[in-house]
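Build the complex: two chains, separate frames, hints provided.
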Amino acid sequence: MSVATVLLVDDEKAFVEAMTRRLTKRDVDVRAAFSGQECLDALAAAPDVEVVVLDVKMPGIDGVDTLKRIKAEYPLVEVIMLTGHATVETAIDGMKLGAFDYLMKPSDMDVLMEKIDAAATKKRQHEEKIIEARAQSIALRRGD
Amino acid sequence: MTDKSYYSGLRRSMIGTIVVVSLTPLLILAALGGYQFHSAYKQKVLAHMEQLVLGHKQSIDAFLFGKLAEIRVLADVTDFEKVRDDDGLSRLLLSMQERYGGVFVDLGLVNAQGTQVAYSGPFRLGRADYGHALWFQETMQREFYISDVFLGLRGLPHFIVAVKHSWGGQEYILRSTIDFVAFNRLVENIRIGETGLAYIVSRGGEFQTKPRRQVAMSQSFLNEVLSPEQNMGQSRFGGPVPAHVHLGQDPATGEDSVFVTAGLKNGDWILVFQQTQEDAFLLFLRARNFALVGVLLSTLAIGFMAIVLSKRILNTVVETDRQKDMMNEQVIEAGKLASLGELAAGIAHEINNPVAIMVEEAGWIQDLMEEEDLRAMENSQEVLRALGQIRTQGGRCKEITHKLLSFARKIDPTMKTVHINELIEEMAALSEQRARFANVHIVTELAEALPPIEASPSELQQVFLNLINNAIDAMDHEGGQLKVTTRREENQVVISVSDTGQGIPKANLQKIFDPFFTTKAVGKGTGLGLSICYGIIQKMGGEISVSSVLDVGTTFHIRLPLRKGEADDEGRA
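Protein chains in written order, with this note's numbering: chain A, 1 to 144; chain B, 1001 to 1573.
There could be a bad hint or two in this list.
DSBU-like cross-link-like pairs, simulated, lysine-lysine; straight-line CA separation at most 30 Å [stated by the list, open to error]:
(1) A:K68 x B:K1403
(2) A:K13 x B:K1403
(3) A:K57 x B:K1403
(4) A:K115 x B:K1403
(5) A:K96 x B:K1483
These are computed hints drawn from the structure, not numbers from a lab.
None of these values were measured; they are calculated from a predicted model.
Next up, chain B with everything else stripped away, as it sits in the complex (with noise of 0.2 Å):
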């Protein structure tokens, strides 16, 4: 049935236009909210780490300039006689380590030829030779220097602060190891989530602190996480480096990293921060998954919605389309009716002329035959049934054109209020007799204080006469019961016109209201009979309906619209 592919259509037309209309305001709010949520999101995590780099950067470069400081004021306060022997510099290194909590690893007086002419700690350094160290060589340039972490000759983790000074006009380097467990902890404090770590590399690529777990180091690595600027030591002696962030793989991992980078020792180490993206977001991540089960699950709500929906307005479309085809089907009956009525009419005006004027000619032959030669004639009797047979012929024409007529013609179509019982009993009655005959008992069951209705009396009436008739026809041959009833149904009244006659066959049960349809025996009938009521009750405003069973009966229903008032009363009873 092509009906089925078009109502499948039109509801995946619809579940497509329902679940277009709603998600995408819902994809569109979703899509541009998480992404101003995410970049909001992610450029306060990213500022966040970029203060925690910072101020950790400050801390470190205090401390380390603190140190060199220190050493620097030692040294600029200190007599050459204090710092010129052993005994000196431990008395020095006990203060220090006194007041400054054991930062200070050892103590040592270095000549400007390299060679360690003093020293106090826990090793054995006394005349060690640094004439070639690129500790030595850089303070002896830049007065002071702070070097790099190395194992030494210790195998410790440590580095350097060295400081020149000139005691007598001769220049000394006067040098301390600071202890890197101290130092080591600045930075390993530094800890973010699950996966955030510190770590400081000098730009050469070698760490500096040992981070909290394996980190792949190389080169090329430290290049691509720094900025620019960083890169290529630009602001080595130029104001504070602001950190940098950069987002990358892990070459250890594999994963998404962030990385925050900031300068330390005015650039020559590096304070890197990482942190897996993955952890960094988690939040972000956690509200992004969030919405994103509220995206599906809003998805299925609209998607059950729209199927929900769309079975229902198109069980509404069905049904309206059905009832569309009902009312087409009676008005194309009703059309059909109406223009068959006038052509019947018009057929059976101009037949019934010629048809009067056969008859008559056929009178006067028959006038003719009178006379007594042709009296005489042989055959004048078979003459003269010739001429009766067509005087009856045509008297049945007379009955078909004159019903032919009457099923267009307008009897009195105006309309009164009629009292549908008194015009049934009257009916009834006028039908009583011929029942009689047929042997068929009338009975009416007739609804009390039924209202009148606005309808066309002498219109009723024929069609009553009708349906009367149609019944005792039905019960001709054994007789039996024909019962009017009427009853008033809601805005209706109905009255049923039934008989225990034969019944009629399902086949002919949808032809009945046909014109010129008949099951009676030629000349009986002419068919038109219900079609006229048909007609009658139609333009009524009304119904008629026929249900039958073989060999049980017959009923005919008609509806008739109340009058507005009567229908209002009725409602607000």
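Excised from the complex, chain A in its bound form (with noise of 0.2 Å):
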């Protein structure tokens, strides 16, 4: 198994080729998509994703209206900001509505893989809760 599912979005498709062949060989399952439009597309043809890496800047959709937008479709999709820019505001936005870190461009490999996985534990973690809480539910009602 993977140690996480990662959908890699950036419109600079040399780097999403350099981090997805680098997070492949950390056991990473890397998907790629080129613009928030794509992302958008991807999430839905595959929601497996667990981790979502989104570049801020990016052209047509951008990337804290990606974020928005993945929150609202997919809330359990955790979202890591990379940003090109010293723009610490637009990540301090981007966790304010939900996305789980932020990464500055170029970012050092060990640090992204920490925060895979935790996003990616913490993905886990919440679906193992709803599932349980699913489960106590399905018990509680039994023991109706």
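So this is what it looks like as structure tokens:
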């Protein structure tokens, strides 16, 4: 089993490819999208994505807007903001909107891996809790 | 310097304008007024002289014709018996001399042949023959005659009044000599001013009275002085000939003079009154000189004023220009920074992605190196070192691009009410840790009751952090004291950050706010910190300046404007 299923979103193709290779080597299931819209499409096609690594500055729908829509449609999917800018404010905005964390580009691979791992873990915990809660509710219902 | 010639040109034109604008009306007024006054005064003086001459002419004429009339009356009323012999005449003469005050000198009766048949007087003129004398012939023709003044047989100036009368069918002429002295006095008394003098000349140019001083007389001069009517003798029997005024040169002295002439004795004689113009118009000339002195003084005053005023204006202009230049420089500086910021941001953003990719690719190679067969490679350690270096240098690039981005970015630029003192305490506390390592002691001296200002707190934080970090860096080797003070100066809050570091050489002081200017070792600083501070403070309408003494320390001053209300409060207080 892979460490996590990650959707990498950046308009820089070369960057996405390099990251994909490196993350894949670290047992991460990586998918790529090159714009906000592609990201949403990919999520719609593959709902098993656990973590989205999302570039903030992109043509078309930008990172913050994409994040809003991801959080609206897939509240459990964790998002790590990836900013080429030193715009920490955007990252803070993003985290206020529910992003898991932020990273500055170029980022240290180890840090990224840690964050992806933590995000995936958080998501899984969430899901587990949801399953638990469901099971409990079923159990409680049975008890009725 | 071109500025100097420009200013001196400006000054000249200012002086010129002031002088022309002020002097023109003055001169026009002086000229017009002077001219008006001149002509009015001249007219008045001349009219007065004319009046005087006419008056005298009348009195002289009256005198002459009075004497003539007296002789005529005498001739009319006297019996022939009484004038026929010397005794009768002497009785008549005696009575006339008594009644008329000695004007009549003698009396004589001349018969139609020109022989004086009877005579009474102080001279021995009995039986004198006047048959060829001019006066005799004239009298025979004209019934009466007043002669010109002549020396006659006596050698004294006198003139004759003669009347033709017939007694017992025979024509006789009764003549009398009029004392010239009495007559002369009439004319001599006409004096105006210093040089005014009057005299009578005959039409032939002979003096009938003795002028007070020598006067050159010639026929041509007389012709020139007389009016055309007087000259032609037209009005000899016409109405009264008006006096004539002539302005010309006195042939005797060559001075410009006024000549007023009037015909006497039906135009036979001419009463001339002459006075030098200088004397006649003395009062006017005095007034004119006074006015000229006034104009001259005014001109001097205006000139002086123009010089002083232009100097003052020029100083203001120079000062204004200097300020304008300074403002221009600042605007250019600000514009330069702004465009540099945009450029930097653009470049940084464009470079950041490639750098990120390069670093990632290097990372990828590093990942691949983990594999066994690659690790066994001879130079694997060297490759790993090189990759490490690529990543390190990529990291440096990242740092630079991030700083560049912050150069133009807007970190929460929203204006809020900021309490400067609190902000500074916060930043000082934040830097405490770093300062301790550098052996730097941070001291704050904050003015109490400092009014809050309107500013972007996050931007100000960046500025202070930058300045504090710089100060700590400046004292890095030996340590020292970092002092932050705040105080209020009129409508500004002044924040000073001073260190006791090595100071900034003069050559560097000017460049210190330039982007990318740094004295730090390569890789230690980007040279953007102070220019970012500069941009931020400038944007807030404040000022940042630096003063530094080598080996003593450096102080940065930041001046920020107070809020409008606060500034007004100060004004009211």
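Hint by hint, here is what the structure shows:
| no. | hint | in the structure |
| --- | --- | --- |
| 1 | A:K68 x B:K1403 | holds (29 Å) |
| 2 | A:K13 x B:K1403 | holds (25 Å) |
| 3 | A:K57 x B:K1403 | holds (18 Å) |
| 4 | A:K115 x B:K1403 | holds (25 Å) |
| 5 | A:K96 x B:K1483 | violated (38 Å) |
Of the numbered hints given earlier, the model fails hint 5 alone.
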